[in-house]
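Q: Mind docking chain B on chain A? Use the hints.
2 protein chains.
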Amino acid sequence: MAFVVLLRNCLRLCVLASDSLGLVAVNKADLSEVYRGYIACLNQQDWSRLDRFVDEKVSRNGQEIRLSGYREMLERDFSEIPDLHFNIQLVISDPPYLASRLLFDCTPKGMFLGLPVNGKRVSFTENVFYEFREGKIAQVWSVVDKAAIEAQL
Amino acid sequence: MAFVVLLRNCLRLCVLASDSLGLVAVNKADLSEVYRGYIACLNQQDWSRLDRFVDEKVSRNGQEIRLSGYREMLERDFSEIPDLHFNIQLVISDPPYLASRLLFDCTPKGMFLGLPVNGKRVSFTENVFYEFREGKIAQVWSVVDKAAIEAQL
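Sequences listed follow chains A and B, in order.
Following my numbering, the numbering of the first sequence begins with 1400 at its first residue and continues without gaps.
Following my numbering, the numbering of the second sequence begins with 1400 at its first residue and continues without gaps.
Each hint should be verified, as a subset may be incorrect.
[Stated by the list, open to error] Straight-line alpha carbon distances no greater than 27 Å define the calculated DSSO-like cross-link-like pairs of lysine-lysine that follow: (1) B:Lys1427 <-> B:Lys1535; (2) B:Lys1535 <-> B:Lys1519; (3) B:Lys1427 <-> A:Lys1535; (4) B:Lys1519 <-> A:Lys1427; (5) A:Lys1535 <-> A:Lys1519; (6) A:Lys1535 <-> A:Lys1508; (7) B:Lys1535 <-> B:Lys1456; (8) A:Lys1519 <-> A:Lys1427; (9) B:Lys1427 <-> A:Lys1427.
Please keep in mind that the hints were generated in silico from the structure rather than gathered at the bench.
Same shape as in the complex, but just chain A (with noise of 0.2 Å):
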């Protein structure tokens, strides 16, 4: 019993050492930057990427829109807002899930989300959840601010 708690304590101060070393946060820091590469990819619209990104099954909100859904999903955001841009305001990393809190500042050319933006500039926030299977986005949940947008019209 006391080599286990001995050994408890040796653990920890190897943990709070290596801690210190950023060496814990190899996974978590791993995810964060497939991530921004993933976020790159759709700021570039490197469609033939998305692939590298996103598995071949994934869900989007509990239904499986499977790759080829989620790529057209993307390619129609960006026909109806041409100047879409991600970005990136926070990322909570705990590996196999991500969360990320984005930030648009941009004009719709017509309706969005079933409101008559109609090229109007507008600023809302997305806060979405993924699950990474092998380094891939498996499921996604999102949630867009649609009243933000709403209280700007």
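A: Frame of chain A, contents of chain B only:
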């Protein structure tokens, strides 16, 4: 230089060993535990204990509403939605940040988020991010899925 490499490798081994014993996760688990205590406090409407979880100078979506304003907001929510209950679907803990996907299945009496719900039972989610300071919620960034409620009316 060789000593540093040796030290780093020793620490890596310690981290792996301690991770398998669940020691690395202590802080993350602690924060999740505090958060679950906060949600239990809300569901019990135990407002006298709210200051154990929420910082005096709390901000919500960038606006400092302070503990008193936070309590008023929650009391108003429970007044407008008598069967309100917070259900945690997913917690992502990355101290000092925590993200949570909350699920609601409830019956707002009249208007809710500007929508005429008028006693209809609705299901919706909230994706919410928190920043903790000394174990208490200091900042909140929340997005409620208003579009999901609209689709049910």
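Q: Now look at each hint and say whether the structure bears it out.
A: Going down the list of hints, with the structure as the test:
1. B:Lys1427 <-> B:Lys1535: OK: Lys1427 of chain B and Lys1535 of chain B at ~14 Å, within 27 Å.
2. B:Lys1535 <-> B:Lys1519: violated, 35 Å
3. B:Lys1427 <-> A:Lys1535: Holds, at about 23 Å.
4. B:Lys1519 <-> A:Lys1427: The given pair, whose Cα atoms are some 42 Å apart, is violated under the 27 Å limit.
5. A:Lys1535 <-> A:Lys1519: violated, 35 Å
6. A:Lys1535 <-> A:Lys1508: Violated, because 31 Å separates the two Cα atoms, which is more than 27 Å.
7. B:Lys1535 <-> B:Lys1456: holds, 10 Å
8. A:Lys1519 <-> A:Lys1427: Violated: Lys1519 of chain A and Lys1427 of chain A sit about 38 Å apart, past 27 Å.
9. B:Lys1427 <-> A:Lys1427: Roughly 12 Å separates the two Cα atoms, so the pair holds.
When each numbered hint is compared with the structure, violations occur for hints 2, 4, 5, 6 and 8.
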